[in-house]
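Number of protein chains: 2
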Amino acid sequence: MADAALFEFLHTEMVAELWAHHSDPGPGGQKMSLCVLEGMGFRVGQALGERLPQETLAFREELDVLKFLCKDLWVAVFQKQMDSLRTNHQGTYVLQDNSFPLLIRMASGLQYLEEAPKFLTFTCGLLRGTLSTLGIKSLVTASVASLPTCKFQVVIQKT
Amino acid sequence: MADAALFEFLHTEMVAELWAHHSDPGPGGQKMSLCVLEGMGFRVGQALGERLPQETLAFREELDVLKFLCKDLWVAVFQKQMDSLRTNHQGTYVLQDNSFPLLIRMASGLQYLEEAPKFLTFTCGLLRGTLSTLGIKSLVTASVASLPTCKFQVVIQKT
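The listed protein sequences derive, respectively, from chains E and X.
When we follow UniProt numbering, the leftmost residue of the first sequence carries the number 1, and every step to the right adds one.
When we follow UniProt numbering, the leftmost residue of the second sequence carries the number 1, and every step to the right adds one.
Isolated chain E (complex conformation) (with noise of 0.2 angstroms):
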């Protein structure tokens, strides 16, 4: 099966295309280019949220859900669970992932750091999609400090 790396090679595929006729070189076109993405994630997210094993979808508390993005969410889409997952008890969530799989083939060297963004862009969208099919609505972004250790924080809004 190599499903798994269709989905990497599909993915690095829509970063390069949308890097290189997307943007102006400037942050303006960069900003645009990273929009997109978050956008195109957060509707698969969504979709994604849907198919996922309706038995688990019986949460009682925001942890709960966290917990099932950390797992079956993971799990479907990069064949492994998160590492660890913190909150703070008042709606924000750090989940971290030690060796994110669309890092994992980029050098490690620190010049390289300032090129991640672009490659988490879309799970943030993802993550946001299916907290919303889910019924929660959230800010997610994403920092590396270093390859391929990255965390997701999600803020929960309240509404």
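Incorrect hints may have been included.
[Unchecked claim] Distance condition first, Cα-Cα at most 27 angstroms in a straight line; then the derived DSS-like pairs of lysine-lysine:
1. E:158 to E:71
2. X:80 to E:80
3. X:137 to X:151
4. X:67 to X:158
5. X:137 to X:71
6. E:118 to X:118
These are computed hints drawn from the structure, not numbers from a lab.
Given chain E, put chain X in place with the hints provided.
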């Protein structure tokens, strides 16, 4: 496992994105988007071709390579085999999929036939790219007579 769905959703988003941002309404813009999609498919196909089971790659004949696409590649990407393979024994092959997964969610009215090409182009590139990795230059086109049946025509380019 939501993998199959993941690829399909991402493919749908990619087609939609290219159509929304790349295209003039006219045929020139659409042709440009089709070219971009075909190129993405080609590069993903090249990369997949390098990862598919190496022991099966000791092909003696062209026909073996085409059978490999119909079986191993199709299973890796679409979790099913191609339904039929025909050839004129002069370098032209017709691969038929009676329910092509990227078309199967489209409504089946005749009025949707004209929308079909943009859902086939990535896969044409995928076939051409995998063949390229296996050392064969080709032209690949696709046609749909009635949804969701689809024929891919592979014409080998002799050097």
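(message) Flag every earlier hint the structure violates by its number, smallest first.
(response) Checked against the structure, no hint fails, so every one of them is satisfied.
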